[in-house]
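Order-wise, the sequence lines are chains U and W.
Under my numbering, the first residue of the first sequence carries the number 92, and numbering increases by one thereafter.
Under my numbering, the first residue of the second sequence carries the number 92, and numbering increases by one thereafter.
Hint data in this document are derived by calculation from the structure and do not stem from the laboratory.
Where hints are given, some of them may not hold.
No copy is singled out in the list; a pair is fine if it fits within one copy or between any two copies.
25 Å max Cα-Cα, derived DMTMM-like pairs, lysine to aspartate or glutamate [claimed, not checked]:
#: 1; residue 1: K125; residue 2: E203
#: 2; residue 1: K290; residue 2: D278
#: 3; residue 1: K453; residue 2: E188
#: 4; residue 1: K290; residue 2: E256
#: 5; residue 1: K453; residue 2: E319
#: 6; residue 1: K125; residue 2: D417
#: 7; residue 1: K101; residue 2: E243
#: 8; residue 1: K129; residue 2: E105
#: 9; residue 1: K478; residue 2: E188
#: 10; residue 1: K137; residue 2: D201
#: 11; residue 1: K301; residue 2: D278
#: 12; residue 1: K419; residue 2: D278
#: 13; residue 1: K453; residue 2: E224
#: 14; residue 1: K129; residue 2: D501
#: 15; residue 1: K464; residue 2: E506
#: 16; residue 1: K453; residue 2: E190
#: 17; residue 1: K101; residue 2: D524
#: 18; residue 1: K419; residue 2: E188
#: 19; residue 1: K313; residue 2: E188
#: 20; residue 1: K119; residue 2: D507
#: 21; residue 1: K313; residue 2: E105
#: 22; residue 1: K185; residue 2: E252
#: 23; residue 1: K290; residue 2: D417
Number of protein chains: 2
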Amino acid sequence: MLTISFHDQKPLYEQLYNHIRNEIESGKIGPGDKLPSKRALSAHLKISVVTVETAYSLLAAEGYIYSVPGSGYYAERLSGPFRGEKSPIVIPQKPAEREYRYDFRTNQVDTELFPFSVWARLSREILSSGGAELLQTCSGKGVYSLRQAIAEHLRSFRGIEAQPEQIVVGAGGEYLTGLLVQLLGRDKIYGVEEPGYVKTHRVFSANCHKVVPIGLDGSGAKPASLLEQGVQVAHLTPSHHFPLGTVMPATRRHEILSWAYDAEDRYIIEDDYDSDFRFSGKPVPALQSLDCANRVVYLNTFTKSLAPSMRIGYMVVPLGLLDRFDEKLGFYACTVPVFEQLILAEFIRRGHFERHISRMRKRYLSRRDFFIKALETSRLSEILEVKSTNAGMHLLLRSRCGLSERELLDRAAAEDVRVYGLSEYYSFGGVYDGPGCVIAGYSGMSTQQLAQGIAALERAWL
Amino acid sequence: MLTISFHDQKPLYEQLYNHIRNEIESGKIGPGDKLPSKRALSAHLKISVVTVETAYSLLAAEGYIYSVPGSGYYAERLSGPFRGEKSPIVIPQKPAEREYRYDFRTNQVDTELFPFSVWARLSREILSSGGAELLQTCSGKGVYSLRQAIAEHLRSFRGIEAQPEQIVVGAGGEYLTGLLVQLLGRDKIYGVEEPGYVKTHRVFSANCHKVVPIGLDGSGAKPASLLEQGVQVAHLTPSHHFPLGTVMPATRRHEILSWAYDAEDRYIIEDDYDSDFRFSGKPVPALQSLDCANRVVYLNTFTKSLAPSMRIGYMVVPLGLLDRFDEKLGFYACTVPVFEQLILAEFIRRGHFERHISRMRKRYLSRRDFFIKALETSRLSEILEVKSTNAGMHLLLRSRCGLSERELLDRAAAEDVRVYGLSEYYSFGGVYDGPGCVIAGYSGMSTQQLAQGIAALERAWL
């Protein structure tokens, strides 16, 4: 007869159920074995008949045992391997990535200025309004008030005329890129800039059949390269190329649009990832604002302008693609929490976003000026050319003394400094063949850290 | 000479820049046309020379004009179509979907019990801690504390032993499904239950090459069908099939696992979408908890248990797939805002989630009992068989009087009632050939609405 010690807090029927189930799973009670009668087991274990009945009916309902009328309960034949005793799970720990004392990363955001109190106030306000709207799904394209606020922002700051109906909100640029590939077709040939943001290449590679490199010159993506490679959809960063900093001039913009117009179903994905942080002059108008044939999809996120943890991006779908979007992708739920969307909508609508961007821009500008000046007045100026651009959050440091990229990186690492080689931004095996050139971001470092980092680089490179 | 009226609030240089840019874009200033000298234009427009200089240098930087030393500025040749005057954007309005007076939808969540005050308190607490952690990206798999809380919950409530390292948090089940397809391979043959949740079929179709139907019998998915269709990855709902309500018994679970073990690289995606709302007995142990060969990926969301607007889902990746996950998908950023993840982690950790689920379960149970009793005591009982299951948020109503599904639906619609035909859950052109059967959800309706809805159905069907 079964023996079981009732030792934990769970109801008796559940403990009995678990016990018998384990015996069957592990093969100790074999297929076809008869179970004790309810009455006998209840007497044996000194528990009520109802308890045994409950356990047996659960086991029967879940197919562990079956009853033969007038005879009793029998264990089922469970095909397949038995669970048996599982060994405890051990996850091998990966070696942690090396941490550097001075890391000139390019993807850091200065979080000191984040307006926590405003965000908390809006958050409270919206939660206390507490309607069902907060809890039910919104349109697959996002909450309408947020899309209105974004459309308004784009009109004022990027010269883009878009209706809220064209705006699709989603959980970050990577997610939206995946969505775009579904919209335009996985079988298309996608082009990404070489060099460029390596993650962009990875996202496209994970989502579509063929990804090819787009060559660059001093004006950005080359139309000839688009043709040579047979690109059908081009991912471009015309406002500010990463990492070279090129701003695509108007003539080239028109050439690129002409390329798109020259064949059916050619599209441009305009990634405007850091357009909010141009430091002088007026931001270049978006390519989307020049497009008159529905061929440019505009893509941006709040990663740089608010926080990377926010995971809110958006795209402007050209009018001519809206029906296709609704038909192919209309079934998807929006991937951003409604609550977050409502807060952000109010944040933009009430002007907080604009004020925040403006404070951030000043902060980055002064840090950039400090960084450039500190480099120029350091002894590094003897061996380096500092190439800064009008936007972005990093500088290019180009060797004038014959040090190769590898040497620059290795020597810096020996002094516990991390800078980034231009070669790291090549995804297709292309090679940067100019003089050694590294990239140094400054957005996540204080002026003190920048100064100390420069001193360490002097020790490394001189 | 240019004429321009400075009428808005923007800086003069910017207004001038915009004006000239528009003239060039629209072709009014042609390619090669000479622009007025800075001095002349400044005198003409009665603005300072510096203002004109600023506008010209912006235009030159962006490639609209070029300077010929000693001669002056000329308009560039912009290839491609000119922007010209855009006509105002008009988005055609889609006809709104018909709204019904009584809509027995199955995807509604009762939001009345949502613990707004607890959520607001946690939210305040976390925002006021205000660290940089809130703003920086987390691991691609999600915030560790949330993954710990989920692992703990799964251990206590679903018999699943999983390490936080195996848990991947993402923006909802649809997103995670897309990720899984990338993990297991787009070229695999994916099987989905027929009938089943139609959106599941759409998500797979949008993400992989071949999706096939899995046939069902009274125990759920048929192993024979998996073989016939050549399925390599099976999406299943063993705890509670939607919409039929079948709970897969233990024997069938073992057969299904055997199927997976019988060949390399066969996997099961266990969608446990409403396991928190089983109304009697103990929840069936998850298929994942029986798997001893790394072939089951467990998938769940907080859509039913918290709110559809939340967009937080998670999956348990089997140990054997972790390296492949890191290698193929490790570069993706997590799609859920860090802030939301931290709140949810605390919500679970402090027991609020368990209490909330338990309140919701009671609420749904009493509403379900009311609904069943009201149907049974109504005159509808003469012509309908009410099929209820141990879980889920809907009932199946099967005609015993020869009315077809079409007739049931049309007559209901004529009384302004929406119920759902079983045929709507077939994605592969399969046809339900039993007696007319409709599905009626009750989770979003009050008892009063349910009673009135039943009265309307009496008018419709009797």
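Structure-based check of all given hints:
no.: 1; hint: K125 x E203; in the structure: neither (69 Å within a copy, 49 Å between copies)
no.: 2; hint: K290 x D278; in the structure: both (20 Å within a copy, 23 Å between copies)
no.: 3; hint: K453 x E188; in the structure: neither (33 Å within a copy, 49 Å between copies)
no.: 4; hint: K290 x E256; in the structure: between (29 Å within a copy, 23 Å between copies)
no.: 5; hint: K453 x E319; in the structure: neither (42 Å within a copy, 65 Å between copies)
no.: 6; hint: K125 x D417; in the structure: neither (59 Å within a copy, 48 Å between copies)
no.: 7; hint: K101 x E243; in the structure: between (57 Å within a copy, 17 Å between copies)
no.: 8; hint: K129 x E105; in the structure: within (15 Å within a copy, 89 Å between copies)
no.: 9; hint: K478 x E188; in the structure: neither (29 Å within a copy, 57 Å between copies)
no.: 10; hint: K137 x D201; in the structure: neither (67 Å within a copy, 43 Å between copies)
no.: 11; hint: K301 x D278; in the structure: both (7 Å within a copy, 15 Å between copies)
no.: 12; hint: K419 x D278; in the structure: both (15 Å within a copy, 20 Å between copies)
no.: 13; hint: K453 x E224; in the structure: between (37 Å within a copy, 23 Å between copies)
no.: 14; hint: K129 x D501; in the structure: neither (76 Å within a copy, 51 Å between copies)
no.: 15; hint: K464 x E506; in the structure: within (22 Å within a copy, 77 Å between copies)
no.: 16; hint: K453 x E190; in the structure: neither (29 Å within a copy, 51 Å between copies)
no.: 17; hint: K101 x D524; in the structure: neither (69 Å within a copy, 45 Å between copies)
no.: 18; hint: K419 x E188; in the structure: between (41 Å within a copy, 18 Å between copies)
no.: 19; hint: K313 x E188; in the structure: neither (37 Å within a copy, 47 Å between copies)
no.: 20; hint: K119 x D507; in the structure: neither (60 Å within a copy, 58 Å between copies)
no.: 21; hint: K313 x E105; in the structure: neither (70 Å within a copy, 29 Å between copies)
no.: 22; hint: K185 x E252; in the structure: between (48 Å within a copy, 21 Å between copies)
no.: 23; hint: K290 x D417; in the structure: between (28 Å within a copy, 15 Å between copies)
Taken one by one, the earlier hints fail for this structure at numbers 1, 3, 5, 6, 9, 10, 14, 16, 17, 19, 20 and 21, listed in ascending order.
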